[in-house]
Amino acid sequence: MPYKILEKKEISMRNIWYKIHAPHVAKKVQPGQFVIVRAFKNGERIPLTPVMWDRDEGWIVLITFIRGRTTMRMANELKPGDEILNIAGPLGNPTEMEKFGKILAIGAYTGIVEVYPIAKAWQEFGNDVTTLHVTFEPMVVLKDELEKAVGRHILETVPIDPNLDFPTNMKNVTKRLTEKVRELLEKEEYDMVFMVGPAGDQKAVFNVVKEFGVPMKSDLHPIMVDGTGMCGACRVTVGGEVKFACIDGPEFDAYQVSWDELIARSGYYTDMEQRAMQEYMKALQGGEQ
Amino acid sequence: MAVKRKIIKERVPTPEMPAEERIKSFAEVNLGYTFELAVKEAERCLQCPYNYAPCIKGCPVHIDIPGFISKLVQYRDDPDRAVKEALNVIWACNSLPATTGRVCPQEDQCEMNCVMGRVGDKINIGKLERFVADYAREKGIDEGLLFEIVPKIEKKGQSVAIIGAGPAGLTAAGELAKLGYDVTIYEALHEAGGVLMYGIPEFRLPKSIVESEIDKLKKLGVKILTDHVVGRTVTIEELLEEYDAVFIGSGAGTPRLINAPGINLNGIYTANEFLTRVNLMKAYKFPEYDTPVKVGKKVVVIGAGNTAMDAARSARRFGAEVTIAYRRGPEDVSARVEEVEHAKEEGIKFEFYINPVEFIGDENGKIKAVKFEKMKALDERDSRGKRKIVGTGEYVTLEADTVIIAIGKHPNRLIVNTPGLKVERGRIVVDENLMTSIPGVFAGGDAIRGEATVILAMGDGRMAAKAIHEYLTKKREGNA
Ligand SMILES: Cc1cc2nc3c(=O)[nH]c(=O)nc-3n(C[C@H](O)[C@H](O)[C@H](O)COP(=O)(O)OP(=O)(O)OC[C@H]3O[C@@H](n4cnc5c(N)ncnc54)[C@H](O)[C@@H]3O)c2cc1C
Ligand SMILES: Cc1cc2nc3c(=O)[nH]c(=O)nc-3n(C[C@H](O)[C@H](O)[C@H](O)COP(=O)(O)OP(=O)(O)OC[C@H]3O[C@@H](n4cnc5c(N)ncnc54)[C@H](O)[C@@H]3O)c2cc1C
Ligand code: SF4
Ligand code: FES
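In the order they appear, the protein sequences are chains A and B.
Under the numbering used here, the first residue of the first sequence carries the number 1, and numbering increases by one thereafter.
Under the numbering used here, the first residue of the second sequence carries the number 1, and numbering increases by one thereafter.
Among the hints, erroneous ones may be present.
With a straight-line cut-off of 20 Å between C-alpha atoms, the simulated SDA-like cross-links for lysine to any residue are [unchecked claim]:
| # | chain 1 | residue 1 | chain 2 | residue 2 |
| --- | --- | --- | --- | --- |
| 1 | B | 294 | A | 278 |
| 2 | A | 203 | A | 176 |
| 3 | B | 282 | A | 270 |
| 4 | A | 28 | B | 238 |
| 5 | B | 368 | A | 271 |
| 6 | A | 28 | B | 241 |
| 7 | A | 28 | B | 417 |
| 8 | B | 297 | A | 269 |
| 9 | A | 41 | B | 226 |
| 10 | A | 243 | B | 257 |
| 11 | B | 285 | A | 40 |
| 12 | A | 41 | B | 191 |
| 13 | B | 297 | B | 20 |
| 14 | B | 285 | A | 275 |
| 15 | A | 27 | B | 243 |
| 16 | A | 243 | B | 413 |
| 17 | B | 285 | A | 273 |
Rather than coming from a laboratory, the hints here were simulated on the basis of the structure.
Only chain A is shown next, with the shape it has when bound in the complex (with noise of 0.2 Å):
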């Protein structure tokens, strides 16, 4: 059942951002679901958040941060009008609606896009919600849109440093966000925290929030193969029990999630994604010869 892709534009560096015609998601999808995307025929099943949708004209917003093989692919070889395979869903348990009081929503790096239709209805449902993005400076999104729809939002940015890879560059976005938890919750007394982003990330700021003892919900993101209960590969340990984010989540009490093991499970494949990666990039120079 292929979904065709009506727009597509890169937003900020590495986010590109897609609106696509799917009906049988559109129709359905409440904030806090995802979708499972398979966009090419030897492509992998990933876990993707719809961040707006229209349900009369049935279509849904992605946004991707390119991350690995599959969101470079999409970045490079869809265009609009092209179709999209597959798009499972909505999956996941829509987010609870409650009057919770002061929120302070995170998101971290393209996390924050998962946040915006979750913040926006709980300020719609009579919350007063501040969200904060932390990433780096070049990867903004969604300035304009959040404030409109929240009633704070806090931008932080942190310039890319050149001479530092990747993993120990996002070691600043870490050091700012923390910071910057504990700057507002010094100041102003929330009801909950809610946060999107990596799971080290997550824990890094659970540790800040926990200080203060308030309230914290975590959106966890697990590796995820089917997304409908059937695999286990999205297990998390959560209060002692094994939970299936797919169908249990994805959001949890951040103080019942054991993060190291989320951590652990999140990295497993990373030494086979970088390879996957330099192969695809191989075969694009090659290509271009």
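Assemble the complex: chain A is given as a structure, and chain B with the ligands must be docked to it using the hints.
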């Protein structure tokens, strides 16, 4: 036709790829009969009379086995005709013979009862069934038969939604389409086929065969909506508003885990994840295909069913040393005999009476060994007739850099959580017509049985189609 037959005791063997060659590839192991070999094997059949033929009684869907076998002999001078007639007999009960011919546990069903077993080898019914289906497909004979069926279908003007495109759902869909209903299948994955596609490996059931079986359904007018997860994309309640009846064939997809420390270490796969990566996502072709899988040097597979054999033999094809660890004894192994034999030929080791109690990891959160408790069997038997086992308090540790858990599965939770749907021990409860506690909603296959077999799922699909037809006939006439 009480012709006196000469008894030929030995089975005509099917050619197989040698073990040392096949562990290097995912190509099919058993190469199947040629027409000549098939006729030779068919000639051995005693043609027991229909009412008596014990093979038919042993078949869960009661295929007229002597009936189809006799066609091969009767029309031996015209192979195409022979196959067409034989296929017609099989199709009356079984729409996926290329699949069942390969994966049914024949030794426990039709072949178990075969009279020839008293004097020599039992008839190789499975391989004959497979031959008929394969030959028909290669020559387009099955399509020809379909084209004869399609124009005769009378449209009923009622519609049925099917949840899940596994053997149960596919069979129900085919039967209902032949009866003239508009049928739409809702499938969660990007490909139809269920376990046939994501679970059973290419070397046992080539995916092109499953695809061609599904193509035939599409020719009957069945619509398949992949990427549609019932319980999320659409609910059963919503389906009931749009369709006149619903059939649940969502299988038993949720893996059971072992409640032991370290279960979430890296390198511990559920069989479902491992096989899905390998089969559905073609991880054995990484990096040509994008999905990775990691198979270490020492693989331990826990469990001894078909799933465990498939996982073990797949891992072997990545060059690993593989051990199957099972908490019971050899007599309780539930996998098909052929698979166990193939596994042994391929150099897979078996360790019996050991039960995992702890998964031991290294400092990076990666599995390095499994600690097992040694078990012993008692004379007492449990409700399934298996000998009870108890721990001995003694332990052994096996080194492992990959572990695959294949100890069973539960039905999909997204379906089971439907309000008003009666469920017991995770399985959907049905009455004798396969109707669930929700009127108009039927169910079959692994979703009601827990883990069973392809042919039982198909049998349920057929039976449910019949029941749905009766239900909808009443509804139609009631409305008229
Ligand atoms: C519920 C959920 C929602 C997500 N929403 C978005 C989104 O809206 N936008 C976005 O850019 N990213 C999102 N992600 C992350 C996205 O799935 C990964 O970036 C993507 O899989 C990377 O694929 P790749 O081939 O480009 O990179 P790879 O080379 O495969 O991997 C790079 C890194 O991405 C992560 N990753 C890889 N495969 C998966 C997988 N199957 N599931 C989860 N993480 C994986 C790993 O940490 C890995 O180290 C989401 C993840 C989850 C679980
Ligand atoms: C590895 C393995 C090897 C096996 N080997 C054999 C063998 O050799 N011989 C044999 O007879 N049996 C074998 N079995 C068992 C056999 O495959 C099953 O009994 C049979 O497939 C059950 O059929 P089913 O149609 O009930 O379910 P399945 O085949 O499980 O199909 C269910 C389908 O429903 C879909 N689905 C699930 N939930 C939803 C939802 N919420 N919405 C939409 N779709 C959904 C799934 O994606 C799947 O496609 C094996 C099983 C496994 C796992
Ligand atoms: S029981 Fe054996 S010999 Fe008798 S009809 Fe069946 S297959 Fe032939
Ligand atoms: S992704 Fe397979 S069970 Fe969650």
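Checking against the hints above, which ones are violated?
Structure breaks no hint.
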